[in-house]
Amino acid sequence: MESRNPMTGFSEAPRWPGGARCAVMLSFDVDGPTLWVDRSTGRFEDVRGFSLGAYGPYRGVPRILGMLDRLGVPATFFVPGKTIEQWPAVVADIARSGHEIGHHGWLHETFFDHPPARQRDIITRSQDLLHEVTGTRAVGFRSPSGDIAVGTPGLLAELGFSYSSSMRGDDRPYRWCLDGRRSDLIEIPAHWELDDYHQFVYHDDPAQPRGLDRISSTAATFDIWRREFDGYHRFGLCYVLMMHPQVIGTPARMHALAELVAYIRAHQDVWFATGEQIAAWWRDGARQ
Amino acid sequence: MITWPGQARCAVAVTFDLDAELFWHRLHPGAAERPKTLSLGEYGITRGTPRLLDLLGESDVPASWFIPMWTLERHPVAVERIRERGHEIACRGVADEVLGALEPERQAETVDRAACALEKVTGSRPRGFRAPPGRVGEGFGDVLAQLGFGWSSTLFGDDVPHYLESGGTSTGVVEVPRRWEHTDHPYFAYNGGPVAFPPGRSRIASHEVVLEEWKTAFDAYHREGLCFVLCLEPQVIGKPGRALLLEELLRHIRSRPGVWFATCGQIAEHFRRHGGQNPPGHPERVRATWTEN
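From first to last, the protein sequence lines are chains A and B.
Quick note on our numbering: the first sequence kicks off at 1 and runs consecutively.
Quick note on our numbering: the second sequence kicks off at 1 and runs consecutively.
In isolation and in its complexed conformation, chain A is listed as follows (with noise of 0.2 Å):
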């Protein structure tokens, strides 16, 4: 993989479109009920934990979309199918607000959990469906939670896939080794530190946090992505927020997420883009 040359230093950061110091992808993970639900089933037993899900596609993404639209920068939004399924009219919204949908599997399975044809149906279920809602096919694929199987790049490759954004262990995109050979299966790594969910989620029964620790601060956290970005700005990465309409969305978050993209924009040299955007970029020998 031509960026994982091991110890090469920081020095030589990426190369960005027009000259841009650095790459900033806003990534949303539009959830919905599908974490609140039997991951198998789809049932629901407690109307309390669907509220909670049922909260992000709901309030959560027209406030987002809001925002985006007043700020004019593009996300790039991954939808479970079963989200599509049951708010058709948000995720066309999404589609036709220009911004990017990105596969997450029907309910929000783990991969890890299944074998390559069930993998493979997942992934072809949601397809068929996004194509009927908005006319177009994902072309990024995450893995919920990022527990991808070991064969799950091969598969994503195979159907067609143009990046991945599931893995933990760079901070710039690169592309996936397959069968021993660089693929054109780019990944766009994302990090703990920039996801929402485990800063901020609260549930008491199933307890979310597996230990009922506190409810982290939005002044907290926003540190840690205002100091974050300014490390990735600094050595010149690909700064990939990951959120969750039902976990960011609530208006006091929104607030201090439209203050964050209006500090990273005072920056002129901030390239935002969506994921499609920025594997298309590297694939196209951004680093030759």
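Hints listed in this document are in silico derivations from the structure and should not be mistaken for laboratory results.
Be aware that a few hints might be false.
[To be verified] Chain B stretches covered by chain A per the calculated footprint, using a threshold of three residues with CB under 8 Å from any CB of chain A:
#, stretch
1, 43 to 57
2, 186 to 192
3, 197 to 207
4, 236 to 244
Quick caveat, the model's predicted, so the values are computed rather than measured.
By construction, the Cβ of each residue, glycine as well, lies at the ideal position given by its N, Cα and C atoms.
With chain A fixed as given, assemble chain B onto it according to the hints.
Positioned in the frame of chain A, the structure of chain B alone reads:
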């Protein structure tokens, strides 16, 4: 109380545990089959370490790197780069062994294996040791002394160096003690299940809170003339924003008069020349007289 070289008021050791993917293998055997989880550790080698080496170079700070044999075998180039930059390389055992669960002879065998592996690569026998996670047995100091180690940085019982004792007698091995509070992974490391860290999946601390914590701690060590040991892991502190946090902390430390940045080995050597015996009541001395009930 110990005095420090020149006019220094306090000593500062920056240390790294290069556990890489081993950090996750130790938590759960299932890690081996989880590409995303292992990629967290790989980051420490491919991105964290080079970034930190550059930062240490720019800040002119020497560091002590504790390298498990597991990492040495899988990432020899990383170890070579660390060595080339003139940092101290010390031993961190083989892999996931819990020293205190082994018989003393097995402890010695294991630590010796790890030390020999390092010696083969670096050309010299490591003088320092930091135990891998898990309990450490009563005979720890003896094992290190027997294998020719001069110092350890494993225990928590003091804010200044002291001698490891065994049965009430000094082993001659200097301990450069550390604190969990000055370690990065309790604040920052995170992964979801099943290879979860922390097990309760608590929130990740903010950079600002930890930076303030470490600055405040250092200021107190400086005021009281102690030995401040930072324990870091490249996969944790080597992220872009956290590298800037470390840079800011080092700048803060530098801005204070009379700071001696040193490797653990230099600190241990200084203590050997100028420090005294462990005072009465010292954890190392009390351990020898500890009775059940």
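Worksheet item: With a cut-off of 8 Å between beta carbons, are at least three residues of the stretch 43 to 57 of chain B near chain A?
Response: holds (count 9)
Discussion item. When I compare C-beta atoms, does the stretch 186 to 192 of chain B have three or more residues closer than 8 Å to chain A?
Written reply: As far as the stretch 186 to 192 of chain B goes, the hint holds, because 4 residues have Cβ atoms under 8 Å from chain A.
Practice prompt. With a C-beta cutoff of 8 Å, work out whether three or more residues of the stretch 236 to 244 of chain B approach chain A closely enough for the coverage to hold.
Written response: Per the Cβ count (6), the hint holds.
Discussion item. Taking beta carbons only, do three or more residues of the stretch 197 to 207 of chain B come closer than 8 Å to chain A?
Written reply: With 10 residues close enough to chain A, the hint holds.
Every hint, counting from the list given before, is met by this structure.
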